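Chains C and A supply the protein sequences, listed in that same order. Using this note's numbering, the letters of the first sequence correspond one by one to residues 1 to 166. Using this note's numbering, the letters of the second sequence correspond one by one to residues 167 to 333.
One should not assume that every hint holds.
What the hints assert, rightly or not - Simulated crosslink set (EDC-like; lysine to aspartate or glutamate; CA at most 20 Å straight-line):
id, chain 1, residue 1, chain 2, residue 2
1, C, 165, A, 283
2, A, 274, C, 137
3, A, 291, A, 203
4, A, 282, C, 5
5, A, 333, C, 137
6, A, 178, A, 332
7, A, 274, A, 229
8, A, 178, C, 137
9, A, 282, A, 256
10, A, 274, A, 189
11, A, 333, A, 229
12, A, 327, C, 37
13, A, 274, A, 203
14, A, 327, A, 228
15, A, 178, A, 235
16, A, 263, A, 303
17, A, 291, A, 189
18, A, 274, A, 303
Derived by calculation from the structure, the hints in this document are not laboratory data. These numbers come from a predicted model, not from an experiment.
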Amino acid sequence: MNQNDIFITILRRNQESLLSAIEGLTHSEMLLQLPGEGNCINWILGHIASYRDGMLVDSGLRQYMQADEIERYAGGSEPIGPGDACVDSTRLSELIVVSFNDLIDWLEHDTNGLSQNPAGNIKDNIGYSGVCSTLTEHFAQNIGHESIHVGELNPLHELVLESRKR
Amino acid sequence: MNRTEVFAIIFKRNQGAILHAVDGLSQAEGLLQLPGDSNCMNWVLGHIATYRDGMLADIGIEEYMSEDETSLYGSGSTPITVDSPAVDFDRLVELQKLTFDGLYNWLKSNPSDLDKETRDDMPFKKGYAGYWGSVIEHLAQMTGHESVHVGELSALHELAKVSMADK
């Protein structure tokens with residue numbers, strides 16, 4: 001098991017948990033809020049997608065999100081609630097699939113790809129693009145970051161199920 | 167950056183998030199429940215510690231949890247509530263520190279036995295000890311598993327803050 005395999009293993013786990021958490025949910029359900037200052041599912045999906053775009057950019061691959069979409073979900077961006085400007089959850093769900101497919105395909109087939117220099121520019125503010133000195137560090141930092149946000153989806157998924165009982 | 171450094175980065179991120187989530191909380195806040203079938207912070211902390219102990223067991227260095235403790239927090243275990251047996255919150259926080267130090271210091275020692283087979287002599291079930299084919303596969307699977315549970319602590323930390331503000 002090499003570094004690529006490690007990242008593939010964790011990304012696959014993340015994707016499976018993520019898709020399970022959002023399966024069958026509507027856009028309005030993805031805006032529900034738990035007590036306190038946590039983020040809703042819509043924000044978390046956009047945040048994960050934008051940081052995956054950062055990995056794609058640093059890897060020299062095609063990115064999928066527009067600049068205004070990335071800005072809405074950047075680190076420290078405003079929370080999203082009902083009535084706030086946001087990307088439709090269906091679009092975010094699609095981004096989660098295409099970015100995952102491209103990252104997995106690249107990790108599986110470009111076995112020396114992680115040894116290249118990061119291709120992105122920190123000034124573009126796309127996730128961790130251009131932030132880390134090596135591509136491997138970028139993947140390690142961001143896959144750990146992503147996994148934690150994926151975990152945040154579990155209680156939000158339960159909240160949706162509870163809301164449907166009312 | 168080698169393979170152990172990848173795990174070290176992720177564990178360090180997890181540990182930072184865990185210690186932030188538990189900071190200033192006590193046993194009572196650790197038992198607060200979110201809507202639905204989510205687990206409380208006490209269970210999540212015990213679950214993380216149990217699976218870390220399983221990694222320590224497969225690596226072959228000091229473990230910290232007893233059979234009684236791990237039985238409360240294994241996969242599929244009964245949810246922890248105010249009325250059920252539970253390990254004390256302070257002990258669970260201590261276990262986070264002990265298990266992290268064990269794993270992190272081992273990873274930073276540049277170990278050469280990442281590809282060795284996992285144990286086949288576990289006396290009782292402890293996380294995924296003895297389950298995966300190699301130590302590195304165990305670490306890859308359980309690093310991802312741990313991070314997701316760490317993410318669950320965020321909402322529980324917010325719930326505790328709201329609860330304390332209401333008192």
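Handout entry: Numbered hints the structure breaks, given as an ascending list
Key = Hint check: 1, 3, 5, 6, 9, 10, 11, 13, 14, 15, 16, 17 fail, others pass.
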